[in-house]
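There are 2 protein chains.
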Amino acid sequence: MSNEIKKAVILLSGGLDSATTLAIAGDMGYQCCAMTFRYGQRHSIEIESARKVVAAMAVKEHKIIDIDLTAFGHSALTDLTIEVPKNRENIAENAIPVTYVPARNTIFLSYALAWAEVLGIFDIFIGVNATDYSGYPDCRAQFVDAFEKMANLATAAAVENKGKYKIQTPIIEMSKAEIIKKGTQLGVDYALTHSCYDPDENGKPCAQCDSCKLRETGFKEANLKDPALS
Amino acid sequence: MSNEIKKAVILLSGGLDSATTLAIAGDMGYQCCAMTFRYGQRHSIEIESARKVVAAMAVKEHKIIDIDLTAFGHSALTDLTIEVPKNRENIAENAIPVTYVPARNTIFLSYALAWAEVLGIFDIFIGVNATDYSGYPDCRAQFVDAFEKMANLATAAAVENKGKYKIQTPIIEMSKAEIIKKGTQLGVDYALTHSCYDPDENGKPCAQCDSCKLRETGFKEANLKDPALS
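As given, the protein sequences belong to chains A and B, one line each in that order. Quick note: the first sequence uses numbering that gives the first Met the number 0, first residue 0, plus one each step. Quick note: the second sequence uses numbering that gives the first Met the number 0, first residue 0, plus one each step.
None of these hints come from the bench; they were simulated from the model. Be careful, since some hints might not be right.
Copies of the same chain look alike in the list, so a pair counts if it works inside one copy or between any two.
[As the list claims (entries may be wrong)] Here are the computed lysine-lysine pairs in the DSS-like style, where the Cα-Cα straight-line distance is at most 30 Å:
1) Lys161 with Lys85
2) Lys224 with Lys165
3) Lys165 with Lys219
4) Lys161 with Lys62
5) Lys203 with Lys163
6) Lys5 with Lys51
7) Lys85 with Lys148
8) Lys163 with Lys148
9) Lys181 with Lys62
10) Lys85 with Lys165
This structure is a prediction, so every number in the text was calculated from the model and none was measured.
Chain A extracted, bound-state conformation (with noise of 0.2 Å):
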């Protein structure tokens, strides 16, 4: 039996999805260091709620990243001047939403890489979810596989270990309630996660957005009354 530590970089937003990956993949047996993104985004209470996830969590080390995705603008996330799309009918069924984020996932993913590639990591794990938000292409499996076929020819330790990068995806195929039901199950603490994207300045959900939607449905589903809102 090998008594080698498993080691896995979580990429941890603050939110819902990245709160249950990080679950999860502590209880496939993973040591996690988690990668948090100081990205520009409307609301840095993301950034408060990643550090709480960390502190209830069993994390090795928790690394926030900041770049600065204004530069390019373009998203409702990014730019102020682009509202937030609220009271949207059939989420999952519309075209790509105007939250969308240029090359988000790619850029971070490309930072884990290099991170985990420092650390002599080859999991890397990434809570996207392609049931929910089936208008985020870099959500989708096959965006997944050609990223880490990428990262396998990109790095030294790639090379030197002939490609094992593999890039986790364990919620991809949920639903938000299957999400919900999972982590619960495995104690993630909801309360401490954030999900809206366009909180009041206290920090209070918009109770409008696609994302707080999208978890009041998710909630729903599961027969779970969502701690963050008590």
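Model the placement of chain B on the given structure of chain A, informed by the hints.
Only chain B this time, still in chain A's reference frame:
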């Protein structure tokens, strides 16, 4: 005949290779948007060289992005405690050198992809060269091809256009001498470019690192004098 203006994003470091790549893209008829990174490299002189190259050539827009790769270290270019190797023999035949920066080109291309998507551009030029820098995994054609495939799954613009991002690498198969001859023919002023990994405090090249050696050999084989040394 189409009157549409062809546009491209060009990664520009301030070095000889990327300045030549910019000239080639311009010669191919592209209107060029240049992107440079201040990533914590030893020498900020590289950024100044990029500015000078931009001022001397036809560039529509120049974006300088601050990213902190010193957060990871692990490379002689971003960690001052690691020495830049000097006077190495058979540079191209050696293993991956300590000047390799983890996932650097992956991160650079990810940002270029984000900017290209915002600008509505589908052509990205990178001055990677597989001949002289065989030690860097992210300078190989197979890496660039894999990145291109990934880019065409990652972005909204790719989904809407059924994937037409093209990562162009015009100098990938050229020798350093061929690059210099091509650039000279296109009017590149190599006096403005900077190659040294470890310049002194006045920006003077060390003449001993891999990059200085390759540059010196390139000019010698091209039967040209390096104007940066006069």
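Results for each hint:
no., hint, in the structure
1, Lys161 with Lys85, "between (47 Å within a copy, 29 Å between copies)"
2, Lys224 with Lys165, "neither (35 Å within a copy, 48 Å between copies)"
3, Lys165 with Lys219, "neither (33 Å within a copy, 44 Å between copies)"
4, Lys161 with Lys62, "within (27 Å within a copy, 36 Å between copies)"
5, Lys203 with Lys163, "neither (42 Å within a copy, 41 Å between copies)"
6, Lys5 with Lys51, "within (24 Å within a copy, 48 Å between copies)"
7, Lys85 with Lys148, "neither (37 Å within a copy, 34 Å between copies)"
8, Lys163 with Lys148, "both (10 Å within a copy, 19 Å between copies)"
9, Lys181 with Lys62, "within (26 Å within a copy, 44 Å between copies)"
10, Lys85 with Lys165, "neither (36 Å within a copy, 36 Å between copies)"
Comparing the model with each earlier hint shows violations of hints 2, 3, 5, 7 and 10; every other hint is respected.
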